[in-house]
Amino acid sequence: MYQYLIRRTFGALVVMFAVATLVFIMLRLVPGDPIAAMLYDVGDPAAIEEIRRNLGLDRPIYVQYGIWLGNALQGDFGNSIYGSRVEVSRLLLEALPRTLSIASISFVVAIVIAIPAGLIAATRRNTGADYAVTLIAFIGLSMPDFWLAILLIIVFAANLHWLPAIGYVPLSEGFWPWFSHLILPSIAVGTAFSAIVARMIRSSMLEVLNMDYMRVARSKGLSEMTLVWSHAFPNALIPVVTVIGIAFALLMSGAVVVENVFAIKGLGRLLIQGILNRDYPVVQGAILVVSAIFVFSNLLVDVLYSFIDPRIRYGS
Amino acid sequence: MTKYATVLGISDEGAPVDRKSGFFTAIRKDKKASFGLIMLSVFVFFALFASWVSPHDPTAMDFDMMLPPSWEFPLGTDDLGRDLLSRIIHGTQISLFVGVTTVVIALVLGLIMGVAAGYFGGWIDMVIMRYIDLLWAFPNFIIAVYLVAVFGAGLLNVIVAISLAFLDDFARIARSMVLIIKEEQYISAARVSGASDFRIMWRHILPNAAAPIIVQATVCVSYAILGEATLSFLGLGVESETPTWGLILADGRSFISRAWWLGIFPGVAIMLTVLSINFLGDGLRDYLDVREVKDV
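Line by line, the protein sequences are chains B and U. The numbering used here puts the first sequence at residues 5 to 320. The numbering used here puts the second sequence at residues 6 to 301.
Next up, chain U with everything else stripped away, as it sits in the complex (with noise of 0.2 angstroms):
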């Protein structure tokens, strides 16, 4: 009992939100999910078209030195002359890349773990449980920093590191669906049909066990964006020629008595962008009616 994940089961009570209507209806009546899906497109959109949207070249070097916001630098410059808005714009790319890819491998490895564990029991079950309640002894980011300690620095290893700390909430979750849905009586009837184990898993079991995860997914890319910007920050993220969210705080840092910007606009994006993602994930939650059992 010691992660701040959500560890669920679907509620039996009547759902909330009207579901017929569709995803984006209940999204649009929904203020803050649609503030979060606004948000996250602007910043999807920044990390697909970087080099169109950005004033500046973001490596460009100048002697315009840590100017102040003005007209041609709209958020200011570094210490190297760079302009600040195209390198934030620029860290996009990273921050979302990371983000997902982490999610997806920690979701696909996860879930496997989780559903073969869950469906399989005995000694699967056991040797899985032992390796996921080690992982969960111990928060996601100090997994996360541990693994980079073995692996090194570098977008690689930080990938495989936070997807791998991450790992052990979707095996939980897929596993605890696993069990409740194992017991309905539509898995003995595909039984008693002839599906394989394979079929049931896939596909009697995985889309009703769904829903906790798909939200459970929204919010690990937020921690994993935050986990990505905050090991980038302390110097075992990415390599320093690449922009990114952290790396630019990191770099401004020195700077922040003589250039407030530095320090203020790259963490507003990581800020804004983690904020889209959990408003969206609790506009989710209540869609898909999960019921949390802890609160994050």
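Isolated chain B, as found in the complex (with noise of 0.2 angstroms):
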């Protein structure tokens, strides 16, 4: 197990290590001066020069790497070249809370819808419940989320004014207000991962419900209710909690996306927004940082699937 921790750990490091070494060769090769974009204007050569001095672009390629290495490991991601200026680290800190915030409601949001759905869809198969679940949960995968935003924005901001359009509340400024700013971006994000999860606990449940124990529990004359919460979906959940571990990669890219319609200042608006300004630092900051989260998180599924499933045995 522990052997199993430290490999895993080395390698999401090495993983790590392998992005920030080619986000910064390969942002190095564009097409297309970061400075020359920002002084179009200037146009003055001897400023261009001395800009690119204090930035250190005029060292040599791999002196410009292993500072940036060394910085980057202390946090220190440079500053924004685009308006004023402003550090890429405070930037991505003030980011982080909101993107987290999205993903993890978004999280809940699907759960709450998909475990009663694919429940229903398992026991009443072949109904006309069960073919309305797949249907919509057909139609959730099929939804773009940007799209789903823009929905959610026409009925509940636009028309019935029940939510706030767009835009982010601080927690500190009260639970409520930070609360329904996340409402409707939680929803378009979570819907897809929950079409996902209710499909799959639809099929899992389905494979323990034939499974010879149910027909135990059943010719005991156990209740309905009894089987199903304490025989059944236990058993199915542990396929299911494979699942969850693709979420996290699927709420933060959904965030990703829906935080542009929401206007919201999470990581993705950040690297979305860096990217149409050609603003280096903060594409790298973003994409660092974005990255880490998946590495890491995946690392820490995969250890905890080991502790909810013991029948799981890694490094042996």
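There may be inaccurate statements among the hints.
As the list claims (entries may be wrong) - Here are some chain U residues pointing at chain B (derived, C-beta under 7 angstroms): (1) 132; (2) 133; (3) 143; (4) 151; (5) 234; (6) 239; (7) 240; (8) 247; (9) 260; (10) 261; (11) 264; (12) 275; (13) 279; (14) 283.
What the hints assert, rightly or not - Stretch by stretch, here's where chain B covers chain U in the computed footprint (C-beta under 8 angstroms, at least three residues): (15) 52 to 64; (16) 97 to 104.
Derived from the structure by calculation, the hints contain no laboratory data. Don't be surprised by glycine CBs; every beta carbon is placed ideally from N, CA and C.
Could you fit the two chains together into a complex? Lean on the hints.
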């Protein structure tokens, strides 16, 4: 177990190092000079040269890489080259709680929808309810999340005026102001995931309901409720937990997109705006933080499995 | 174990679908799949004959700005007075084109990498799989965004970015299929009879690995279409003169409180296309009897 943990952690660090290196190299290979783009209306070569020197862009690339990596390890990603030139680390620190709030609330939304839907579909197999759940799940998977976001804004913000259409309020200004700004984004992000989980629960429940021990339990005269809740559901959950592993990936990439619809300055908006503005320090910082979240949540999920299901043994 | 892909094996149970009667008979019996096939055919027709089918020029501006749906403009007009229906019909071209080309590129490259890794093993396997593992650690969409960040926006770059993002899915499936099939007796038989490595891979392994790969390819087309729409919506996709569904939604977004049709219909087009491909993929999965280990 410990050997497995050490091996996986080492692997995750190697992936992060590879990502950091690739990001550094690739963003320097791109056509289009950020300084030229920044000063396109100045056009003074001397001014451009001075800024280059200040940013260290005149040094050999391996020196730049060493400095950059050292700084990045200390959480210093440089300054944004756009607008008021804020520190990238500050932008990232402000963005992180927003994205994580959306991701976690949408996770709750998805699970709250998926568990009853999946259970109903499985226990009433081949009825209208089952077909409805299956169809809705298919539609949920086929809807682009950003479009669902627009639909939610049209209905609940523009017409019913129940919830705010855009923006973010920090939790420190009260629970409801914070939560009300996150409801619509979270539904938009969580729907696709809830469709996946509902289908997962359905197929896994159907498998479990056919097991011999279910027949035994039923022949003991247990009620249908006890059968489903204490015999079938816990066993059906194990394969579902595996899919939770993809939850983070899916919800994070959903948040990256949907933040842009709701004008919430999370990691996704930072990343996309950075790309559009050719603000390379911001793009690099955002890519590294988003990547780190993926790599380490994958690690966490893999390790958690062995605790949830003792039958899983690693490293033997 | 992080991706919503289908990692597959061929089940040894009897096929649930009557395969003797052929593909179309099987599809016709499957309501979802036949809906998918019909719907998709409509969109393919739109894409092929866009200029004939659309009632107006998709780029012609007019003073009829933001008109609600009417007989003349069945889905209304946008903020520049352009006919929304004609724009959506023309948008079908880019969506389907990107969806198909990216998957073909990802399929070919992924198969070459996966089959080579599985067949030769050793250091080739190691090098290829390290690269695949690196891609595997991230969701496809995020990889596509990273690549667009490097290459810049534009149609060609979007195609490259999405196909590179999907490559690992195909490579993984191909490799695991090859590892299973490699042990079969008929491969040893082929080798004993003097077949070359290339011939064994091309004539013996690939045809037997086809079923799960076909299903994965179908599913990937729908993801690629969603990916293109999302990138275009975010401004990272196709240039603004070309009407694409993602761009039409991005353009209309600021006006949705006054013109709901701008926020609704382009999305309906995306959803129906993706839905019909998903239905078709599901039907194919049953027909080809591919067992899902991980559900999408």
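Checked hints:
Hint status for residue 132(U) relative to chain B: violated, with the closest Cβ pair at about 13 angstroms, above 7 angstroms. With a cut of 7 angstroms, the hint placing residue 133(U) at the interface with chain B is violated, because the nearest CB-to-CB distance is about 15 angstroms. With a least beta-carbon distance of about 5 angstroms to chain B, the hint placing residue 143(U) at the interface is held under the 7 angstroms criterion. Look at residue 151(U): its Cβ gets to within about 6 angstroms of chain B, closer than 7 angstroms, so that hint holds up.
The restraint placing residue 234(U) at the interface with chain B holds, with a minimum CB-CB distance near 5 angstroms, inside the 7 angstroms limit. Residue-level restraint check for residue 239(U) holds (minimum Cβ-Cβ distance to chain B is 5 angstroms; threshold 7 angstroms). Among the interface hints, the one on residue 240(U) holds; its C-beta lies about 6 angstroms from the nearest C-beta in chain B, closer than the 7 angstroms criterion. Restraint check, residue 247(U) versus chain B: the minimum CB separation of about 18 angstroms is more than 7 angstroms; hint violated.
Among the interface hints, the one on residue 260(U) is violated; its C-beta lies about 11 angstroms from the nearest C-beta in chain B, farther than the 7 angstroms criterion. Proximity of residue 261(U) to chain B holds as hinted, the smallest CB-CB distance being about 5 angstroms (cut-off 7 angstroms). Among the interface hints, the one on residue 264(U) is violated; its C-beta lies about 10 angstroms from the nearest C-beta in chain B, farther than the 7 angstroms criterion. For the restraint placing residue 275(U) at the interface with chain B, the shortest Cβ-Cβ distance is roughly 5 angstroms, inside the 7 angstroms limit, so the hint holds.
Of the supplied interface hints, the one on residue 279(U) holds, with its beta-carbon coming within about 4 angstroms of a beta-carbon of chain B, less than 7 angstroms. The beta carbon of residue 283(U) is positioned within 7 angstroms of a beta carbon in chain B (closest approach about 6 angstroms), and the interface hint is therefore held. Three residues within the 8 angstroms Cβ limit are the bar, and the region 52 to 64 of chain U against chain B gives 0, so the coverage statement is violated. As drawn, the region 97 to 104 of chain U meets chain B at 0 residues by the rule of a beta-carbon pair under 8 angstroms; below three, the given contact is violated.
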